[in-house]
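Let the sequences and hints guide you as you build the complete structure.
Numbering (our numbering), first residue to last: 17 to 115.
Treat each hint with caution, since some may be false.
[Unchecked claim] Pairwise CB distance ranges (calculated): (1) GLU27 / PRO78: 29 to 37 Å; (2) ASN62 / TRP36: 26 to 34 Å; (3) ARG47 / GLN93: 34 to 42 Å; (4) ARG107 / ARG47: 29 to 37 Å.
To be clear, the hints were calculated from the coordinates, so they are not data collected in a lab.
Don't be surprised by glycine CBs; every beta carbon is placed ideally from N, CA and C.
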Amino acid sequence: MPTIELLRRAELELVDACDWYEKQQKGLSVRFTNEIETSLQFIKLNPNLYSKKYKTNLHFTPVKKFPYIIIYRYDEQLKTVFVTSIFHTKRNPRKFESK
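Here's what the structure looks like:
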């Protein structure tokens, strides 16, 4: 089974999202984190399930109950999922491409 590695950008996006959700409602960041963790475990079990988009090696997985997608690259040789971004779906996708 592959390992999951959150790249720095994804870590920062996760922290920012958790901070925002906690300010909106106490405990909401915990629910958000649980959904992210559930999605990551699903990716771990099925790293190639989601199609690659935009002529890249990146997979896009929706997060249930929250308007986010997890963007990742799976390295079969290293058996590692590299999470590139935890991206809000209301943001302009070009902002992802430019970072």
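Hints, verified against the model:
no., hint, result
1, GLU27 / PRO78: 29 to 37 Å, "violated, 20 Å"
2, ASN62 / TRP36: 26 to 34 Å, "holds, 29 Å"
3, ARG47 / GLN93: 34 to 42 Å, "holds, 35 Å"
4, ARG107 / ARG47: 29 to 37 Å, "violated, 21 Å"
This entry does not satisfy hints 1, 4, going by the numbered hints stated previously.
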